[in-house]
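Visitor: Sequence:
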Amino acid sequence: MTQKNLFWFRQDLRLSDNPALYEAAQSGEVMAVYIFDEDHRADFRMGSASRWWLHHSLSALNRKLGGKLNIYRGKSQEVILRLISEYSFQAIYWNRCYDPFRIKADSEIKSFLKKRGIECKSFNGSLLWEPWEVMKEDGTPYKVFTAFYQKASLQGKYPGRPLPAPNPLTLVKETLNALPLTELGLLPKIKWHASLERQWVVGEEGAQDRLACFLESGLTNYKEGRDFPYRQNVSRLSPCLHFGEISPRQVWHGVDAGSTSFHIPEQDKEYFFRELGWREFSYHLLYHFPDFPYQNFQKKFDRFPWQVDETLLKKWQQGQTGYPIVDAGMRELWQTGYMHNRVRMIVGSFLVKNLLLDWRHGERWFWDCLVDADLANNSVSWQWVAGSGVDAAPYFRIFNPVTQGEKFDPDGIYTRRFVPELKNMPNTCLFKPWEAPEYILKAAGVILGQTYPKPVVELGTSRKKALEAFASLPKELQFA
DNA sequence: CCTGGAGTTGTCCTA
DNA sequence: TTAGGACAACTCCAG
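Per the working numbering, residue 7 is the first one in the first sequence, and the count goes up by one each step.
Derived from the structure by calculation, the hints contain no laboratory data. Built from N, CA and C at the ideal position, the CB exists for glycine as well. Treat the hints with caution; some may be incorrect.
SDA-like cross-link-like pairs, simulated, lysine to any residue; straight-line CA separation at most 20 Å [said to hold, decoys possible]:
| # | residue 1 | residue 2 |
| --- | --- | --- |
| 1 | 471 | 403 |
| 2 | 70 | 214 |
| 3 | 413 | 348 |
| 4 | 116 | 129 |
| 5 | 321 | 468 |
| 6 | 74 | 171 |
| 7 | 10 | 71 |
| 8 | 149 | 305 |
| 9 | 179 | 71 |
| 10 | 179 | 69 |
| 11 | 120 | 94 |
| 12 | 74 | 180 |
| 13 | 305 | 293 |
| 14 | 163 | 141 |
| 15 | 81 | 188 |
| 16 | 149 | 300 |
| 17 | 116 | 293 |
| 18 | 275 | 152 |
| 19 | 438 | 461 |
| 20 | 116 | 41 |
Here are the simulated distance ranges between beta carbons [said to hold, decoys possible]:
| # | residue 1 | residue 2 | range |
| --- | --- | --- | --- |
| 21 | 118 | 163 | 26 to 34 Å |
| 22 | 147 | 413 | 29 to 37 Å |
| 23 | 271 | 409 | 22 to 30 Å |
| 24 | 470 | 309 | 15 to 23 Å |
Using the sequences plus the hints, can you model the full thing?
Guide: Here it is in structure tokens:
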């Protein structure tokens, strides 16, 4: 009789370079399982945009598996318990997840399986370096990116070669309790996701195509071009990486090989690698400081005089602040489930430093709206923007949304796309319509306060207020 | 323990 | 028009 293994799909919704699946398939038949489990996630339940993505990703995966993906919902531990009591498995395989909720839940699962004498084998399928692997000489975690990255990439192990998809892969369909995908109810009730559908090709094939496309036409000039939201110089692989439709090793080696065949300048490649490094750094930080999604990393920020203003927050969320580059970004997020990185910094800085609203509001909104919502990246990045996080960014770094717009979207291509009511404004005042003379507004068909909002705050005074607030923080620093 | 260089992404004013 | 300096003081980290 052939041995049967349980393989548990999680944030690794792919067949290629899937170390746990590869090993499971080597030693017997595989019962492939996905469990939609929200119980362990506390108050970070999966947001609407991510649910939409997950639905399509599971659907694509199931197709690749010939319909033999077994889907369940409920507490992971209970589902697994049910499965092991109904079937006899040689071992259980999975790739590790690294958010604090999963780490806790997984160690419980591991210990109860151990008690029942069932072997579990867990692997690293989603990071280049384990979060506990890259440490300072004194054994403590890094708090500065450059030092972390140098240690990891220069002295650490070069990312290993990706594995092929398992072949043969003999799958077992479970028929007693497995659910059809639609039972998970992941698609939104209202049809707001039509615009998402036009944007993305979800699934492993889509991720591979996206990488290929990036290598062919995006990576050249990445170093400069990545700052301009209207250009196609960013990879947009973040959701694929989050759900594990592609692994960071595949991306790393794809770029390495692609940069040779497409003659990519060394600098472009290095800058892109650094971004993969940032993802690793975020996971490193979340692992060592699990409060990151909740608490200011720098304790002195607990004293920050955040404003409480629901109306202002709503205007930011809906892209109605009266600052065109900010509104364009927030509307891109809503329409596509994504926002260009440069614009994320601009809208983040605006929320925190001009509206003086707590970064956790931004974190939560992004969590719900982003298809790439990722606990590590999202919380580390928001704290970076707020200045409460792990870099020594000077407090006076406050983005000016007018200057940023003029600099990074000089022809207004990006901004006009998402703020069409300003499409006839000339470049000279596109990013500051409140300064436009009456005849120009008229010619562009813009009525401030009616067709497009007046600025919700004044830049000069709000900037000054922020600087004062930062200055009011106590000097001594205590880390979480 | 001490030392010194460095720290993702800016803005504004002045000459 | 453009380039350079001020904007604080601190922690982090390697040697």
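Visitor: Hints first: check each against the structure and report whether it holds.
Guide: Tested hints:
1. For a cut-off of 20 Å, the pair hint linking residue 471 to residue 403 stands: about 14 Å separates their Cα positions.
2. Between residue 70 and residue 214, the direct Cα distance comes to roughly 14 Å. Compliance with the 20 Å bound is thereby established for this hinted pair.
3. The suggested pairing of residue 413 with residue 348 holds, with an alpha-carbon distance near 11 Å, which does not exceed 20 Å.
4. Using a Cα cut-off of 20 Å, the hinted pair residue 116 and residue 129 holds, with the two alpha carbons roughly 13 Å apart.
5. For the given pair, residue 321 sits about 16 Å from residue 468 by alpha-carbon distance, which is consistent with the 20 Å threshold.
6. Between residue 74 and residue 171 the CA atoms are separated by roughly 16 Å; this keeps the pair inside 20 Å, and the hint holds.
7. Taking the CA atoms of residue 10 and residue 71, the gap is near 17 Å; set against the 20 Å cutoff, the hint holds.
8. Restraint check for residue 149 and residue 305: the C-alpha separation of about 15 Å stays at or below 20 Å, so the hint holds.
9. Of the supplied pair hints, the one linking residue 179 and residue 71 holds, its CA atoms being roughly 10 Å apart against a limit of 20 Å.
10. For the given pair, residue 179 sits about 13 Å from residue 69 by alpha-carbon distance, which is consistent with the 20 Å threshold.
11. For the hint linking residue 120 to residue 94, the alpha-carbon distance of about 15 Å falls within 20 Å, and the restraint holds.
12. For a cut-off of 20 Å, the pair hint linking residue 74 to residue 180 stands: about 8 Å separates their Cα positions.
13. Taken as a hint, the residue 305 and residue 293 pair is honoured in the structure, with Cα atoms around 18 Å apart against an allowance of 20 Å.
14. Distance check on the hinted pair: residue 163 and residue 141 sit about 13 Å apart at the alpha-carbon level, within 20 Å; holds.
15. Between the alpha carbons of residue 81 and residue 188 the distance comes to roughly 18 Å, so the proposed pair stays at or under 20 Å and holds.
16. Restraint check for residue 149 and residue 300: the C-alpha separation of about 18 Å stays at or below 20 Å, so the hint holds.
17. Simply put, residue 116 and residue 293 have alpha-carbon atoms about 19 Å apart, close enough for the 20 Å limit, and the pair holds.
18. Using a Cα cut-off of 20 Å, the hinted pair residue 275 and residue 152 holds, with the two alpha carbons roughly 17 Å apart.
19. The straight-line distance between the Cα atoms of residue 438 and residue 461 is roughly 9 Å, inside the 20 Å bound, and the hint therefore holds.
20. Taken as a hint, the residue 116 and residue 41 pair is honoured in the structure, with Cα atoms around 16 Å apart against an allowance of 20 Å.
21. Look at residue 118 against residue 163: about 33 Å separates their beta carbons, and that is inside 26 to 34 Å.
22. Take residue 147 and residue 413: their Cβ atoms lie about 35 Å apart, and the range 29 to 37 Å holds.
23. The given range of 22 to 30 Å is respected by residue 271 and residue 409, whose C-beta atoms sit roughly 28 Å from each other.
24. Taking the beta carbon of each, residue 470 and residue 309 are about 19 Å apart, inside 15 to 23 Å as hinted.
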